[in-house]
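K.L.:
Listed below, chain by chain, are the residues.
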Amino acid sequence: MSIILLYWISSISGQDLPSVSDAYFFKGAIVTTQPNASPQVLDILVREGLIKAIGVGLTPPVDAHIIKVDSLYIYPGFIAAASHIGVPKPKPNTETPRVKRPGYPPNHIAGITPEQTIEKTYSAKEGSIKQYRKLGFTMAHVMPYGKMLPGQTSVISLNGKDFNQAVITENFGQYAQLSGARRMFPSTKIGVIAKWRELYRNATLTKKHTQAYRSNPQGKRRPNPDEATAALINVVEHKQPVFFHTEKHLDLQRALQLQKELGFHMVATETMQGVMSISKAKIQGVPILISLKLPKEVKSSKDSLKISAADKNLLKRKQASISEYEKEGMEITQENQAGGFSLLKVKPDNIYKNIRRMIKSGMSDQNALAQLTTEPAKLLKIDRITGTIAKGKIANLVVSTKPIFEEKTKIKMVMVDGHIHKYETKEKKKKSSEDVDIAGDWTYTVEVPGMEVGGTIKITKADEGYNLAITNSAMPGQTHEVSNITTDKNGSMSYAYDINMDGITLNLQTEITFDKDTFEGTVSLPDFGTFPMTGSKVETPE
Amino acid sequence: MTKSIYILLPFLLYILQLSGQDTGDILIKNGTVITITDGVLPHTDVLIRNGKITKIGQDLKENNVRIIDASDQYVMPGIIDAHSHIGIENVNEASDPNTANVNVGDAIDPFTITIYRALAGGVTTSHAMHGSANAIGGQCQTIKHRWGVTDPQEMKMSGAPRTIKFALGENPMRVHGEGRHIVPRTRMGVEQIFREAFAKARDYTAKWDKYNNNPSGALEPPQYDLKMETMADILNGEIIIHCHSYRADEILMLMNVLEDFGVDKICFQHVNEGFKVAPELAAFGARASVFADWWAYKFEVYYSTAYNATILTRNGVITSINSDSRELIRHLYHEAAKTQRYGDLTDNEALRLITLNPAIQLGIEDRVGSIEVGKEGDIAIFNKHPLSIYAVPQMTIVDGIVRFDIHDADDMRIDIDPEEKISTFIEESSDHTSGDRCLQDVYQYFSDHK
Chain G
0 MSIILLYWIS SISGQDLPSV SDAYFFKGAI VTTQPNASPQ VLDILVREGL
50 IKAIGVGLTP PVDAHIIKVD SLYIYPGFIA AASHIGVPKP KPNTETPRVK
100 RPGYPPNHIA GITPEQTIEK TYSAKEGSIK QYRKLGFTMA HVMPYGKMLP
150 GQTSVISLNG KDFNQAVITE NFGQYAQLSG ARRMFPSTKI GVIAKWRELY
200 RNATLTKKHT QAYRSNPQGK RRPNPDEATA ALINVVEHKQ PVFFHTEKHL
250 DLQRALQLQK ELGFHMVATE TMQGVMSISK AKIQGVPILI SLKLPKEVKS
300 SKDSLKISAA DKNLLKRKQA SISEYEKEGM EITQENQAGG FSLLKVKPDN
350 IYKNIRRMIK SGMSDQNALA QLTTEPAKLL KIDRITGTIA KGKIANLVVS
400 TKPIFEEKTK IKMVMVDGHI HKYETKEKKK KSSEDVDIAG DWTYTVEVPG
450 MEVGGTIKIT KADEGYNLAI TNSAMPGQTH EVSNITTDKN GSMSYAYDIN
500 MDGITLNLQT EITFDKDTFE GTVSLPDFGT FPMTGSKVET PE
Chain L
0 MTKSIYILLP FLLYILQLSG QDTGDILIKN GTVITITDGV LPHTDVLIRN
50 GKITKIGQDL KENNVRIIDA SDQYVMPGII DAHSHIGIEN VNEASDPNTA
100 NVNVGDAIDP FTITIYRALA GGVTTSHAMH GSANAIGGQC QTIKHRWGVT
150 DPQEMKMSGA PRTIKFALGE NPMRVHGEGR HIVPRTRMGV EQIFREAFAK
200 ARDYTAKWDK YNNNPSGALE PPQYDLKMET MADILNGEII IHCHSYRADE
250 ILMLMNVLED FGVDKICFQH VNEGFKVAPE LAAFGARASV FADWWAYKFE
300 VYYSTAYNAT ILTRNGVITS INSDSRELIR HLYHEAAKTQ RYGDLTDNEA
350 LRLITLNPAI QLGIEDRVGS IEVGKEGDIA IFNKHPLSIY AVPQMTIVDG
400 IVRFDIHDAD DMRIDIDPEE KISTFIEESS DHTSGDRCLQ DVYQYFSDHK
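Heads up: the sequence lines are chains G and L, in that order.
Read in numbering that gives the first Met the number 0, the first sequence has 321 at position 322, and its numbers run on one by one without any break.
Read in numbering that gives the first Met the number 0, the second sequence has 417 at position 418, and its numbers run on one by one without any break.
Derived from the structure by calculation, the hints contain no laboratory data.
Careful, some of the hints might be misleading.
Some chain G residues close to chain L (C-beta under 8 Å, calculated; not the full set) [said to hold, decoys possible]:
(1) S186
(2) T187
(3) K188
(4) L204
(5) A211
(6) G218
(7) Q252
(8) Q256
(9) M275
(10) P294
(11) N312
(12) S320
(13) I321
Listed below are the simulated PhoX-like cross-link pairs for lysine-lysine, each with C-alpha atoms no more than 20 Å apart in a straight line [stated by the list, open to error]:
(14) G:K317 to L:K420
(15) L:K420 to G:K305
(16) G:K219 to L:K206
(17) L:K155 to G:K259
(18) G:K311 to L:K420
(19) G:K207 to L:K209
(20) G:K298 to L:K420
(21) G:K247 to L:K420
Ranges between beta-carbon positions, derived for each pair [unchecked claim]:
(22) G:G361 to L:G38: 57 to 67 Å
(23) L:P214 to G:A123: 51 to 61 Å
(24) G:Q164 to L:K199: 44 to 54 Å
(25) G:K124 to L:K199: 45 to 55 Å
(26) L:K199 to G:G361: 51 to 61 Å
(27) G:S493 to L:D407: 37 to 47 Å
(28) L:T22 to G:G361: 28 to 38 Å
(29) L:H406 to G:V297: 23 to 33 Å
(30) L:S157 to G:K247: 21 to 31 Å
(31) G:P105 to L:A205: 23 to 33 Å
(32) L:D407 to G:T444: 54 to 64 Å
Idealized CB from N, CA, C, for every residue including glycine.
In isolation and in its complexed conformation, chain G is listed as follows (with noise of 0.2 Å):
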């Protein structure tokens, strides 16, 4: 029966639930309202999911929770200007769909689907809700998957049971792509151009037969257009803009064309070299959505005496090209061209890594934090209601450990609509591989959308590391070795091995951290997506 009791005490105290009570008092934190503002020593009240109260010395209403915050760091809750965030990604389809006349096949099936809506995909038990949130963000601004013109956009709240809880707006924008479709019009990035001045043309010729027929619709044909058409009228009558995916500079500058040729609003999205269009963007009033997403950073190699010296110029030139994408965060900002930071490709692992690469690089700590709230909220039109710590302003706050573009930073706790989430932020004790020894038999699991995945690892001792033996419930009877792996000094170890299902391979890429008896990590399928992964060791008898 005790038993029972504690388990039933620990779960009402555990996260995520519902409170006795929704006003909480964050007291004594070092508080930066907005991304201009100086830090202060300030407590917040929230109540009903808003912030109720901000000041020096507030007295705290006798129902609040109390969050004990001294010497914590506070920051407006995060918004991703662009990402994908509670929308699963969708299975590669294997088999090309056949159509008949590969020069007209059915918009749906290449890839243009401007009617689509993410309140069709989204999914309130998307793992990604969770990730991105504990790195801070509580607001997200979600794009659809798919090619050409995957659907509309929502602006939604990384809280709620299901899309009508989550959203803030519905359909705020259309998203699009250069991507075409595989064996059927438009394949080319010369076709979806093509593509787009039809379909925009017809949006146009639509939207004036329809004016026509609603003043007099006497002996006029009732407009009929079809789906695609019809959802972009929207973008005719500048109602939506579009989030063109612009990731190099000659997409960026191909859309760019596009958009003064037919003259939609766009804002460019997960933009990874805006630099050299910077000019022409503000003369067309284009917002830029820098990417987070960086190149790897090259090393030069120790022993640059095997190298010659034509290859020792090209990797110095390949290191300078690394710099300009480092340096894009700072003379984007510093223009005043930037809208937010786009998600849509990073690893959330480096999201915050790569924030520092490109603050390293000579964006401001400010211009950083603006990205992450005022920009994306004055873009996404909600910043009456989120992007900064205000009276009024929807309760979605960050706390971390220390400033929040800091090495060593943690999050501690994340509000989103006044719910609180917190996380565990022991420090990890320094240590070298050798002192924890990982050798014997793992298990672990997969955390994948609607299954459970799982398996057994068994570590040896190699010459030069660990050899790993692993197996996979998917795929009983199969067991794959991956040699010679080593674990850097902070106990972690990444590796890729390949698995066969039904004739497909996958690249299954992990990083985990190991930690005594336990690691957690991730596990990555290129074009599936990323999930945690966690893992014990099985007690051997001595």
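Given the coordinates of chain G, work out where chain L should sit on it, guided by the hints.
P.N.:
Here is chain L on its own, set in the frame of chain G:
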């Protein structure tokens, strides 16, 4: 301060570009000037001001210009390639036998190193073409090799006439007929693609005329169809057709089709059997752009001759020699010289094949293709006569700006992909045997039907 200049630099550069095409001022001194239109002028100076040739003469003096000493060197107009696929990211939108709606000018890639390599062969202008997968391919783009610009729009030769790619024979038959079991499976089918498209374009134009001439607004606007818009523009004479072709019978076929629809602007490309129908081509006013001596890479290209360019020229067909390859484009002057071995063309006739004649075929002969006052400052400077096998290009100038200099640094790439594998090996050049650029972006269609 220096930091802020650095930050502003891209912006300043952009302003420069906005204020018109980037042009330069150069005085080339004391060269042997091969004008193409006015003979060869020894010890002659050429002055370029704001990107245009303003003076040709001896002992020219000018302040505030870069002076290039061309003593003992040969100065010729920048070479023009009437058939290439460089500088574009997409070559084939192979999804339909008619893709007149697409335009390779929408996917220009000013960073591709092949542009710089072409400059190193004295080529200043090329015709970046859609591939030959479809009977009616996409629209093409005449580009100037302004190596160094980052804005793809800056690569376009603005004001150059619109052009479109057509293709006869095996390629469209293979991609659509064999590959997907749709028309065209045969050469007859290819003809029908043209006839149907032109006929439909007439209907389309009529529909729009009816709508536009009905001011009451009672009519529903017709569907806007970009394919038909382009076909209608061909019928209106606004677009020059450049047609991939080999066999004489098919060449005659297309001329018959065009005659039926009143279209007369046509340049046949490859046209390996052009020598069989040279008088007919001349009578139609069709142009021909050929290889010097390249054939037998597929069945329909076995009957051919290295005398093709000469026979066509002697029959009065305006003929050019093209590359269709990122390797041949580096030495088109060698390709032109072959016509002296096979056919005894004069120096001037041979050089016209890679200068003024391709300019005529692209409709830009009033701007480039010869060294004349008023023309654009596109110049190639060689250490020997360009038709000599020992000739090496020294410097290539576009709009009065030096875009290639033999003393350039080793690595002239502009945009470095930080994730690309780097290697000092030169990649193998592609040609018709090792991977047909003409059919780039097409292979996804074949993998489906083994």
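K.L.:
Is it true that the C-beta distance of L:T22 to G:G361 lies inside 28 to 38 Å, as the hint says?
P.N.:
34 Å, holds
K.L.:
The hint names G:S186 as touching chain L; please verify it with the least Cβ-Cβ distance against 8 Å.
P.N.:
Holds: closest Cβ of chain L sits about 5 Å from G:S186, inside 8 Å.
K.L.:
Taking the beta carbons of L:P214 and G:A123, is their distance inside 51 to 61 Å?
P.N.:
Distance hint for L:P214, G:A123 holds at roughly 55 Å.
K.L.:
Given a hint of 37 to 47 Å, does the C-beta separation of G:S493 and L:D407 actually sit inside it?
P.N.:
Holds: the Cβ-Cβ distance is about 42 Å, inside 37 to 47 Å.
K.L.:
How does the Cβ-Cβ distance of G:K124 and L:K199 compare with 45 to 55 Å: does it lie in that range?
P.N.:
51 Å, holds
K.L.:
Would the hint on G:P294 stand, with a C-beta cut-off of 8 Å toward chain L?
P.N.:
Constraint on G:P294 satisfied, holds at 4 Å.
K.L.:
Minimum Cβ distance from G:A211 to chain L below 8 Å?
P.N.:
At 5 Å from the nearest chain L Cβ, G:A211 passes the 8 Å test, so the hint holds.
K.L.:
Has the given pair, G:K298 with L:K420, been kept, meaning a C-alpha gap of at most 20 Å?
P.N.:
14 Å, holds
K.L.:
Per the CB criterion, is G:K188 less than 8 Å away from chain L?
P.N.:
Cβ of G:K188 sits 5 Å from chain L, so the hint holds.
K.L.:
Verify the CB-CB distance for L:D407 and G:T444 against the hinted window 54 to 64 Å.
P.N.:
58 Å, holds
K.L.:
Keeping to a limit of 20 Å between CA atoms, is the pair of L:K420 and G:K305 held or broken?
P.N.:
The given pair, whose Cα atoms are some 18 Å apart, holds under the 20 Å limit.
K.L.:
Does the CB of G:L204 sit less than 8 Å away from some CB of chain L?
P.N.:
4 Å, holds
The structure agrees with every numbered hint stated previously.
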